[in-house]
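Trainee: Chain by chain, the residues:
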Amino acid sequence: MSKITRRQAVGAVTGTAAGLALVGVASAWADSTPAEGGKNKAAPPGGNGGPVAFDEVFQGRRIQGEPLEGAAAHARGHAGHGSPFRVLIDGRELHVMHHGKSGWSSAINHYERFASPLETARTAVTTLKGASVVPFNPTV
Amino acid sequence: MTVRKNQANLTAAEKKAFVDAVLEVKRIGVYDEFVAAHRLRFALDMNTGVYVGHFGPSFLPWHRKFLIDFENELQKIDASVSIPYWDWTVDNSVASSIWAPDLLGGTGRPLDDQVMDGPFAYSGGKWPINIQVDTRPFLARNLGYRVPTLPTRAQVDAALAIPTYDSAPWSDASAGFRSTLEGTASYMSMHNRVHTWIWGQMETSVSPNDPVFWLHHSFVDKLWADWHALHPTSAEYLPAGTTPNVIDLNDTMPPWTNTTPQSMLDHTQFYTYA
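Keeping their order, the protein sequence lines are chains A and B.
Anchor point for the first sequence: position 89 equals 89 in the working numbering, and the numbering is continuous, going up by one each time.
Anchor point for the second sequence: position 239 equals 239 in the working numbering, and the numbering is continuous, going up by one each time.
For the record, the hints were derived by calculation from the structure and aren't laboratory data.
Check each hint, because a few of them may be wrong.
[Claimed, not checked] Sample of chain B residues with no beta-carbon within 10 Å of chain A, all distances over it, derived:
| # | residue |
| --- | --- |
| 1 | Gly-124 |
| 2 | Asp-157 |
| 3 | Ile-162 |
| 4 | Ser-167 |
| 5 | Asn-250 |
| 6 | Thr-259 |
| 7 | Asp-266 |
[Said to hold, decoys possible] Stretches of chain A that chain B covers, calculated by requiring three or more beta carbons in the stretch to come under 8 Å of a beta carbon on chain B:
| # | stretch |
| --- | --- |
| 8 | 93-102 |
| 9 | 110-116 |
| 10 | 125-134 |
Even for Gly, the Cβ is constructed at its ideal location relative to N, Cα and C.
From just these sequences and the hints, can you work out the full model?
Mentor: Here's what the structure looks like:
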């Protein structure tokens, strides 16, 4: 696939509001290295689908994400704020949440918003500096 | 009567009394109950769709009650102690005295963001991180890493000038004083930005693991009081009632069974700000 920078990938999946929220993210990326061997696809521009699945190695950590469907999504009792999407960092679940137009966040980066689960996972990896996620979800 | 003071004005003895009380509340296990309550509230809010602790109008009264409860625990150890406030518009750099070893200690080391000095450094043995969302057992910070600056006085004044407390849809997409102060109207701003500027646990749902959490929220709470003084004819809290999935003025705020936003409006029955 053609090489795509992270900033371009974000641009492809964000609307104006989310783009504004990512100013700080872009500056934090300026001195980081590109993702290794990513095989992710940005959501089609203007598409109305949810975030797409991903599976890549980012800064030495395997990050995976997939939409939850059917019973798995239903079991989480999402009432409009939770996310029918599962993210793993080295196989351990990173609790992510979707907040409508303002974007995504996680238990690791709770006071920011991201354009997609992929950016949420990558930022968590950067934040952890080698530590592992301790899954916590009292409603599952 | 409890008087909350600007941390920059504390005497050496006052700093020591505050730190010693915090360490003792930690030692007896009570501190971690507060961290766990914050983590649980965040997770439940996200999954139930009722934003009680954050991203909704009850952000301010919920944290007011949370601080009152914590302050009561400190005062069981030392009745002279109150929660200082940190005016991050003034003491706004890594060199500010709040980060000195006689109060909170400084930024983390590059390797893993571990705080290495002050009373809460992991090496001191008194501040293990027990309530976690990741495996870091030590207090972590990276001051100014994610965002280079803290909110300015001009930004605070602009928020204080907003005459309306909050508005529909009563969320992070709302217009009004609450969402502007919380920092949800423009992410990486105001209250949210301060959490992110500090980094480490302060960026996570277990943010009370960093004692600066209390000083930060004491200032946020003071700004709510300041706002009310500037707008005495504005409703101090909204919405007033019958709003689905939103904490109204007289709704109970979990986890408490007898605390409503209304019951939190007059802070002077609990403490004042100096």
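Trainee: Using Cβ atoms and 10 Å as the threshold, tell me whether Asn-250/B really stays out of contact range of chain A.
Mentor: holds (23 Å)
Trainee: Once the closest CB in chain A is found, is it more than 10 Å from Asp-266/B?
Mentor: holds (29 Å)
Trainee: Would you check chain B against the stretch 93-102 of chain A, counting CB to CB pairs closer than 8 Å, and say if three or more residues qualify?
Mentor: With 6 residues closer than 8 Å to chain B, the stretch 93-102 of chain A meets the three-residue bar; holds.
Trainee: Minimum C-beta separation from Asp-157/B to chain A exceeding 10 Å: can you confirm that?
Mentor: holds (22 Å)
Trainee: Going by Cβ atoms, does Thr-259/B stay more than 10 Å from chain A at every point?
Mentor: holds (21 Å)
Trainee: Take a quick look at Ser-167/B and tell me if its Cβ sits farther than 10 Å from every Cβ on chain A, holds or violated.
Mentor: Nearest chain A Cβ is 16 Å from Ser-167/B, so the label holds.
Trainee: Going by Cβ atoms, does Ile-162/B stay more than 10 Å from chain A at every point?
Mentor: Holds: least Cβ distance 19 Å, greater than 10 Å.
Trainee: Do three or more residues of the stretch 110-116 of chain A come closer than 8 Å to chain B, measuring C-beta to C-beta?
Mentor: Satisfied; 4 residues make the cut.
Trainee: Is the Cβ of Gly-124/B farther than 10 Å from every Cβ of chain A?
Mentor: holds (20 Å)
Trainee: If you count the residues of the stretch 125-134 of chain A with a beta-carbon closer than 8 Å to a beta-carbon of chain B, do you get 3 or more?
Mentor: holds (count 8)
When held up to the earlier numbered hints, the structure conflicts with none and fits them all.
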